[in-house]
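Read top to bottom, the protein sequences are chains A and B. So for the first sequence, our numbering puts the first residue at 1; every next one is plus one. So for the second sequence, our numbering puts the first residue at 1001; every next one is plus one.
Possibly wrong hints are sitting among the right ones.
Unchecked claim - Below 27 Å or equal to it, Euclidean Cα-Cα: the simulated DSS-like pairs (lysine-lysine) are: (1) Lys1059/B - Lys116/A; (2) Lys79/A - Lys1059/B; (3) Lys105/A - Lys174/A; (4) Lys178/A - Lys164/A; (5) Lys203/A - Lys131/A; (6) Lys1079/B - Lys67/A; (7) Lys1131/B - Lys59/A; (8) Lys79/A - Lys1058/B.
What the hints contain is simulated information worked out from the structure, not anything from laboratory work.
Protein chains: 2
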Amino acid sequence: MIIRYPNGTSYSHDAEKNSKKQSKKKEISFSKRGMTLEEEINESNAYYLALSKAVIHKKPTPVQIVKVDYPRRSAAVIKEAYFRQASTTDYNGVYNRFYLDFEAKETKNKLSFPLKNFHQHQISHMQDCLKQSGICFVILRFSSSNRLFILEASHLITYWEKQKKNGRKSIPLKDLEKIGYEMYYGLSPRIPYLAIVDQLIAKDNE
Amino acid sequence: MIIRYPNGTSYSHDAEKNSKKQSKKKEISFSKRGMTLEEEINESNAYYLALSKAVIHKKPTPVQIVKVDYPRRSAAVIKEAYFRQASTTDYNGVYNRFYLDFEAKETKNKLSFPLKNFHQHQISHMQDCLKQSGICFVILRFSSSNRLFILEASHLITYWEKQKKNGRKSIPLKDLEKIGYEMYYGLSPRIPYLAIVDQLIAKDNE
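Use the sequences and the hints to build the structure in full.
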């Protein structure tokens, strides 16, 4: 598998242009909110897997299956099922001995990232993984500006706990610019998050 | 949460007695084959999680959703969906910094474990995880004798590759007794697999 970068230039500019088209589309199709980021991450994971860099998969959507028909012996059709609440984050896997665990979310807000994008069970899961020295974070995307950040779970948890004590209900963009790690779109992978993970690992070992 | 062991005796004897009842039931309900082992592992995972020993979850069954009805705004009913092939093993997570990845299978055979219980994509996934220095293994259960083994993925892969070259289609019980790690049922957790994982880690560090 050969991946070529045309003369090594950054793709963030192109990505920004494309994103304007994307975000226009997204405004029309509100129901597909979040799909684009998910697809981009899945694509990045496939790239990392193909190059033996990391094994990260999105977990399937948990579904409670109630009724299954077997029209033929080989084929089962689920006729009644319900969405269940996930008990973990969406992505996990292994990178060079390290356990990675993360969630990806996007917002249409321009100046802050609403905490309502997260749920208590995800926060609890991140706390559990941190206890086991896993590398936990969230990938946050501002769809209007197409800016991407990685925020370590420890910081997210701090905002979450403050919110529960009547603190603010969102993370200001200004804070993310300080304590988060901004990422820029690439060609392959689209979202080069392992470069930031390397920084998180290096920081932990300081 | 307080878990008590009554005077520290092993529960393997009781477990054996119970298992006879279980395996009788299992013979009647063939369709539930594999459920018991899964439930036992889920219970063990819940125990390890409650005691902050490890964060291991079973991945949801992957389902391709085709049609969803929204009878009320709050409730979605999946009306048509299909089972998809999983691209990974069933269980993964983090234990004291280590990435664990495993699959659990049982057989009614008495003297060997059929390789048809595994699929190429699972083997490939284990190979990928081993490249990242993950700890990969399978939990194998002989339902007739209620014996449990952990076999390292590297060994399973060897049998798998031999099978592809017209080698035998199963792993002899005698081999498992030599190169596998036998586990004995406990009370909490039912399947104390982390004790074996500790041995695998110690061996790797030798």
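inquiry  = Run the distance test for Lys79/A versus Lys1059/B: straight-line Cα separation, threshold 27 Å.
reply    = holds, 22 Å
ask   = CA of Lys1079/B to CA of Lys67/A, is that 27 Å or under?
value = holds, 9 Å
task = For the pair supplied as a hint, Lys178/A and Lys164/A, confirm whether the alpha-carbon distance does not exceed 27 Å.
result = holds, 23 Å
query = Is the hinted pair Lys1059/B and Lys116/A satisfied, with a Cα-Cα distance of at most 27 Å?
reply = Answer holds: Lys1059/B to Lys116/A is near 25 Å, not above 27 Å.
inquiry  = Given the hinted pair Lys105/A and Lys174/A, is their Cα-Cα distance within 27 Å?
reply    = Holds, at roughly 18 Å.
query = When you check the alpha-carbon spacing of Lys1131/B and Lys59/A, does it fall within 27 Å?
reply = Cα-Cα ~21 Å, so holds.
request  = For the pair supplied as a hint, Lys203/A and Lys131/A, confirm whether the alpha-carbon distance does not exceed 27 Å.
outcome  = holds, 17 Å
query = Taking only the CA atoms, is the gap from Lys79/A to Lys1058/B under or equal to 27 Å?
reply = holds, 23 Å
Violation of the numbered hints given earlier is absent; every hint is satisfied by the structure.
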